[in-house]
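These protein sequence lines are chains A and B, in that order. Quick note on numbering: this note's numbering labels position 9 of the first sequence as 9, and the sequence is numbered without any gaps. Quick note on numbering: this note's numbering labels position 88 of the second sequence as 88, and the sequence is numbered without any gaps.
These are computed hints drawn from the structure, not numbers from a lab. C-beta: ideal position from N, C-alpha, C; glycine also. Some clues are possibly wrong.
[As the list claims (entries may be wrong)] The following label-pair restraints were derived from C-beta to C-beta distances:
#1 Ser421/A with Val174/B: 54 to 60 angstroms
#2 Gln150/B with Asp424/A: 38 to 44 angstroms
#3 Gly21/A with Asp292/B: 50 to 56 angstroms
#4 Asp259/B with Pro394/A: 49 to 55 angstroms
#5 Gly21/A with Glu162/B: 40 to 46 angstroms
#6 Pro130/A with His108/B: 56 to 62 angstroms
#7 His108/B with Pro741/A: 39 to 45 angstroms
#8 Gly258/B with Pro741/A: 58 to 64 angstroms
#9 Gly258/B with Asp95/A: 34 to 40 angstroms
#10 Gly25/B with Lys231/A: 54 to 60 angstroms
#11 Glu162/B with Asp95/A: 32 to 38 angstroms
#12 Asp307/A with Leu261/B: 47 to 53 angstroms
#13 Glu12/B with Gly21/A: 29 to 35 angstroms
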Amino acid sequence: MTYTYIGKDRRRVEDPRLLVGRGGYIADLGVPGMLHAAILRSPLPHAWIRSIDATEALRLPGVVAVLTGEDCKARMNPCMSFGPATITQYPLAVDKVRYVGEAVAAVVAESRYLAEDGVDLLKADYEELPPVTDPMAAMEPGSALLHEEHGSNIGYERTFEFGDVTAAFAGADLIVEDTLRWGRSAGMPLETTGAVAQPGFNGVLEIYCNSLNFSYFVFLIAATLRIPSNKLTLRPVPAGGSFGSKLAAHKVPTLAGFLALQTGRPVSYVEDRIDHLENSDHHGCDRIYEARMGFRADGTIVGLDIDVVDDYGAYMQFGVGHHGNAFSQVVGPYRFRDVRYRLRAVVTDKCQQGAYRGFGSEVHNWVLERLVDEGAARLGLAPEEIRRRNFIQPDQFPYKIPGGNLYDSGDYPAVLDKALSMIDLDRWRAEQRRLREEEGRHIGIGLATTQERSVFSATEFWFLLEKPTFPLTSSPESATVTIDPTGQFQLLLHCQSMWGNSPETVGATLLAEEFGIPPESVNVRYADSAHALPGTGPGGSRYTAMVAGAIRGASRKLRQKLVHIAAHTLEVAPEDLELVDARVQVRAAPETGLTIAELAATAYFFALGLPEGMTSGLEESFTYDHPYTTLPAPDGSDLGVFYPIMGHACHIAVLEVDPDTGMVSFLDYVAVHDAGTIVNPKSLGGHVTGGATQGIGTTLYEELAYDADGRFRSSTFRDYLIPTAVEAPAFRIGHVQTPSPFTEYGIKGGGEGGRMVAPAAVSAALDDALREYGMRVRQLPVKPWEIVATVQAGRTAQGWV
Amino acid sequence: MKPPPFTYCDPESVDEAVGLKSEYGIDSLVLAGGQSLLPLLNMRLVRPEALIDINRIGDLQKIEPRSDMLEVGAGVRQYELENHPQVGRLIPLLPEATGCIGHLETRHRGTVGGSLAHADSAAELPCTAVTLDATVVARGPSGTRTIEAQDFFRGWTTTALEPEEVLVAVRYPVPPQAAGHGFVEVARRVGDLALAGAAAVVNLDEDGRFTSVSVGVLGISDTPVRAWAVESALIGEASTAENIARAAEEIVPSVTSGDDLHATRAYRRHLARLVVRRAITAAVARAHERSDGT
C-alpha cells in the first residue's frame with residue numbers, strides 16, 4: 001500500500017504554539033476569583049492522625065479554608081480504584097498516613113504563597129506506627145498493617161500456569177536461575193499534574209485538568225464527589241508531558257473539585273515538584289523476581305518460571321493490571337509454551353504505583369532478556385544467535401501465546417537483521433578486544449530483542465481477579481470530522497489526548513491522506529466531557545491506532561456524502577466518481593469534477609441542490625471499538641485476547657565503563673522498531689529516543705528511594721537523577737514495517753517501545769564490558785559503586801591486588 | 001514551592017548593602033545569582049526576614065588581573081570567570097574548574113561570590129580557592145578584612161563571614177608560569193555536584209621532582225579539604241606514577257562523608273584517592289608540557 005502523506009517525516013503541527021510559549025498549560029490558566037490550594041504532606045511514613053489544628057492558619061489573612069481527611073470522609077466517597085475494595089484512598093489521608101508525602105490537609109487561599117504560608121501554620125499531631133518498607137518483611141505475619149480492614153499487607157496473590165513448567169524443565173539441559181530486582185522510577189514530565197475547578201452554569205462543576213482520560217473516568221470522579229455525572233464537566237487542558245503519569249491521575253482533579261465544592265469558588269491545585277515526586281500516585285514498578293528459564297543444549301528455550309513480589313506502595317489503584325500487562329507478551333518474541341507466574345502484590349509505606357511507560361511489561365521484558373543472555377553465555381551462543389533460534393517465525397502469525405493473548409503479525413528476524421545491518425558487530429567486537437588489550441579500556445556490547453505490545457483493551461484491568469466486580473470490555477475511541485462551509489477541516493477529538501504520540505499531527509496526516517488536503521490546514525479541537533463521544537485516551541500505546549480507526553470511519557461517511565452530492569450535481573453515478581486531491585471527479589473524465597469547497601457550499605447553503613433525503617451540513621462522527629478483544633476464561637486458564645497489536649524491537653548498545661569510577665558512557669546505540677505502518681517516522685523516532693533514554697534512566701540513574709525507616713530520599717531533582725541530552729547516546733533509529741491485519745492502515749502503537757528494550761540492552765552491555773570480573777546486572781538502577789566493587793572483587797580474585 | 005514572606009532590598013552600592021546587613025544581621029541573606037538560594041527559599045529551607053539583592057552593584061562585578069594576584073568581584077558571573085582571557089592565561093585552573101559548575105545556563109546566573117558564600121563542600125570554587133591559597137575579602141560596618149580560604153570554610157555551608165558582613169571579592173595569588181594544573185571530578189551526570197573531585201597545582205624541578213604541590217579535594221567532607229598529607233608526601237619526590245599513587249592514599253583519612261543516595265563512604269574513599277591521583281597526574285603532564293615549551 002502506498003500513501004501520499006502517511007509514512008513521510010513531518011514536522012509536528014503542535015510545535016509552533018509550543019515553541020513560542022503559547023502551550024496554554026494549566027498553571028497559566030486564570031479564572032476570575034480563583035483560589036489556590038497547597039497541601040500539607042505527611043512527614044511520617046506510617047502514623048495515626050490524632051488531630052490537625054488549623055486555628056492559626058485560618059487566622060492568616062488570605063486563607064479561605066482548610067480541609068482535612070475528616071472532611072473527605074464526611075462529604076465524599078473514596079477515590080476510584082481497580083484494586084481490592086478493602087484498600088481505599090481519599091485525596092487527603094483519612095485516619096492514618098501511609099507514606100511520607102501523603103496529603104494530610106489542603107489550605108485554600110487567595111494565592112499559592114498564602115496557601116503555603118497557611119500550610120506552615122497547621123499543627124498536625126500523629127501517633128507513629130512502625131514503618132512497613134520491606135515488601136518481604138511486610139508479608140510476614142507479625143508485620144504492622146497498612147490497611148486494617150484488608151487484614152494483610154498482601155494485596156493480591158495468585159499463581160498462573162500455562163502449559164506444564166515442571167515437565168518442560170525436566171527435559172531441559174540447562175536451567176538458569178536468578179534473583180532480579182527492578183527499582184522504582186517514574187515518568188517525570190516537565191509539567192506536573194494540575195487542575196482548576198469552578199462551580200459553573202446550572203450548578204455544574206467544571207474541572208479543567210491536564211490529566212485523566214476523562215470520557216472513560218468522568219462518572220467515577222462524579223461518584224467520588226457525590227454529584228450526578230451530568231453535573232460534572234471535565235475540560236481538557238494541554239499537558240506538558242505524561243509518560244503515563246497523567247493517565248489516570250484522578251486525585252488532583254478530584255481534590256480541586258472537592259475544594260471548589262466546599263468553598264463555592266474556583267480553586268487551582270497544581271502539584272509542585274515535591275508533590276509530584278512524593279505524592280503523584282504514579283511511581284513505577286518495584287519488583288523482586290525469583291526467575292528460572294530452561295534451555296535445551298541448542299539454545300531452545302523450554303519454559304519460564306517466575307515468582308515475583310511487587311511492592312505496590314500504600315494503595316493499589318490499578319489493582320495488579322501491571323502484571324496483566326506483562327501477560328500480553330509473557331513469552332517475548334520466543335516460541336516456548338510453558339510458563340508459570342506466581343504473583344504477590346504487597347502494600348508498603350510508599351507512594352502507590354501508577355502508570356509509567358511500559359506499565360509493567362517493560363520489567364518482564366528485562367527479566368526475559370536477562371535470563372536469555374545468561375542462557376546464551378552458559379551455552380556459548382552469541383546473543384543474536386540464541387534469539388534467532390527461538391524467534392516466532394513470520395509464517396506463524398497470527399500466533400496465540402501461552403496465557404491467551406494473540407500476536408497479530410511480525411517479522412522478528414527482519415528487525416534483528418536490520419539492526420545488525422546498521423552496526424558492524426564484528427568490527428565492534430574486534431575493537432573491544434583491541435581497546436582492552438592495548439589501552440586497558442572496557443567496552444561492552446549489549447543486544448536485546450523484545451516485544452512492544454500496543455492498543456490495550458479493558459479486560460486486563462480485571463482478568464487477574466478471581467471475582468471481578470466490573471468486567472469492563474469496552475475501550476473505544478471517537479473522532480468527529482467537520483468540513484465547514486468553505487471547505488476547511490475541523491477534527492474534534494473526544495478524550496484528553498494531549499500527550500502520547502502527537503495526536504494532532506497524526507489526525508491531520510490521516511485527514512490529508514483521506515481527502516488530499518494539506519495536513520497543516522486541519523484545525524484540531526478537543527471535546528469536553530459533556531460533549532465527548534466514547535473515548536479512552538492515550539495509554540498502552542493505543543491512541544494512534546485507535547484514533548486512526550475513528551478518523552477513518554468518520555472519513556468514510558464524509559467521503560460518501562461528498563461523492564453523493566457531487567453525483568447529484570454532476571448527474572453521474574456515484575460509483576463513477578473518485579475523490580482525488582480535495583476534489584471529487586469523474587474517473588473516466590478527471591477534468592469534470594467539484595472541489596470539496598464547492599461541495600461544502602452546496603452542503604451548507606443549497607439544500608435544494610442536495611440529493612433527496614440528504615440533510616444539510618458536512619460533519620460525521622465515528623466510534624471505533626477495540627479491534628480484537630475476547631473474553632477470558634472464568635477459571636483463569638486463558639486470559640483471552642487483550643493486547644493483540646504486537647510490535648517488536650531490537651536495540652544494540654555499545655558503551656564504555658570506567659572500571660575505576662563505575663561511570664558509563666555510550667559509544668553507539670542502534671534502535672530498530674517495528675510498529676506496523678508508521679504515520680510519521682519523525683515523531684515515532686522521537687518516541688523511541690525518549691523512551692530509550694528513560695530506559696537508560698531506569699537502568700543507570702533514576703531511583704525513587706525510601707530508606708528502611710520509610711523516609712523518602714528522592715524528593716528533588718538533585719537526588720532523582722534523570723538522564724539529560726548529555727547522558728543520552730546519539731541513537732541511530734531504524735524502522736521495519738509489518739502492518740497489523742487488525743487495525744486501519746495496519747498501524748501498531750509505538751509510544752512505549754524505547755523503554756521496553758533499553759534496560760535489557762544496557763544491562764547486557766554492562767555485563768559484556770566487565771565480563772572478566774564476573775559482572776552480572778541483577779538490580780536496577782546499577783550504582784557506580786556496585787560496578788567498582790565488582791571490578792575490585794574480580795581483580796582480587798584474579799590476584800591483581 | 002513558594003518562598004515565605006521576606007523584605008526585598010536592592011542596594012546600589014556595597015556600603016548600602018553593608019548597611020542593610022548591619023540592620024538585619026543574621027535574619028538577612030544576600031541574593032546574587034540565586035542558583036542555590038532560590039531553591040532553598042522556595043522549599044522554605046531558609047526563611048530570611050530580608051533578601052539583599054546585590055545584582056545592581058557594579059563594583060562587585062569586576063575582574064582585576066595583576067601580575068601577582070587576580071581579584072575577582074563577588075558578583076562576577078561564573079561564565080565570565082570561565083571565559084575571561086586573562087584569567088585563563090594567569091590561572092588556567094580557574095576556567096577549567098569553573099566549567100564543571102552546573103550547566104552553561106546556571107553559570108550565566110551563578111556568581112563567584114555566591115558559590116564561595118554558599119560553601120557547598122562539593123562545589124568547585126571553594127575547592128579551587130583552598131587549592132590556590134586564595135583570600136576572601138569581606139566588608140563589614142567596621143571596614144574591610146581579608147580571610148584566608150583555609151579559614152573561610154568552617155563547616156557544611158558555613159563560612160567565617162559575620163552576619164553583618166558582605167563578601168565582596170576573592171583574591172587569587174598567580175602561580176608561577178611553569179606550574180602545571182589539573183582538575184578532575186566524578187559526578188553521576190554532567191553538571192551534578194561531584195561525588196568527589198580534586199584540583200592540583202604543581203611545580204617541578206629540572207629532574208622532574210616536585211618543588212611545590214597544592215591539592216584541594218571536594219565532596220568528601222563538610223568543607224573543601226586541602227590535602228596537606230598528600231602534598232608533603234610528594235615534596236622533593238620524583239613525579240612518577242608510583243609516587244603519585246602512593247601519596248594519593250594519604251587523602252583517605254580525610255574522607256568523612258558517610259553513605260548517601262549517590263555514594264557509599266567506601267566508594268567516596270576510593271574516588272578521593274582516584275581523583276587526587278588523576279588531578280596530580282594531569283598537573284604533572286601539564287608542567288612537563290610547559291617546561292618543554294619554554
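So, going through the hints one by one against the coordinates:
Roughly 57 angstroms separates the CB atoms of Ser421/A and Val174/B, a value that falls within the hinted 54 to 60 angstroms. Remark: the range hint 38 to 44 angstroms for Gln150/B to Asp424/A is contradicted by a beta-carbon distance near 55 angstroms. One distance hint, 50 to 56 angstroms for the beta-carbon pair Gly21/A and Asp292/B, holds here, with the actual separation near 54 angstroms. About 52 angstroms separates the C-beta atoms of Asp259/B and Pro394/A, a value consistent with the hinted range of 49 to 55 angstroms.
Range check, Gly21/A to Glu162/B: about 44 angstroms between beta-carbon atoms, so the 40 to 46 angstroms window is met. The hinted window of 56 to 62 angstroms between Pro130/A and His108/B is violated, with their beta carbons roughly 49 angstroms apart. The beta-carbon spacing between His108/B and Pro741/A, approximately 55 angstroms, falls outside the hinted interval of 39 to 45 angstroms. Between Gly258/B and Pro741/A the C-beta distance comes to about 59 angstroms, which sits within the given range of 58 to 64 angstroms.
Between Gly258/B and Asp95/A the beta carbon distance is about 36 angstroms. The supplied range of 34 to 40 angstroms therefore holds. Against the hinted window of 54 to 60 angstroms, the Cβ-Cβ separation of Gly25/B and Lys231/A comes to about 57 angstroms, which satisfies the hint. With their beta carbons about 50 angstroms apart, Glu162/B and Asp95/A fall outside the hinted range of 32 to 38 angstroms. Distance hint for Asp307/A and Leu261/B: a CB-CB separation of about 29 angstroms, inconsistent with the stated range 47 to 53 angstroms.
Between Glu12/B and Gly21/A the beta carbons are some 32 angstroms apart, a value that agrees with the proposed interval 29 to 35 angstroms.
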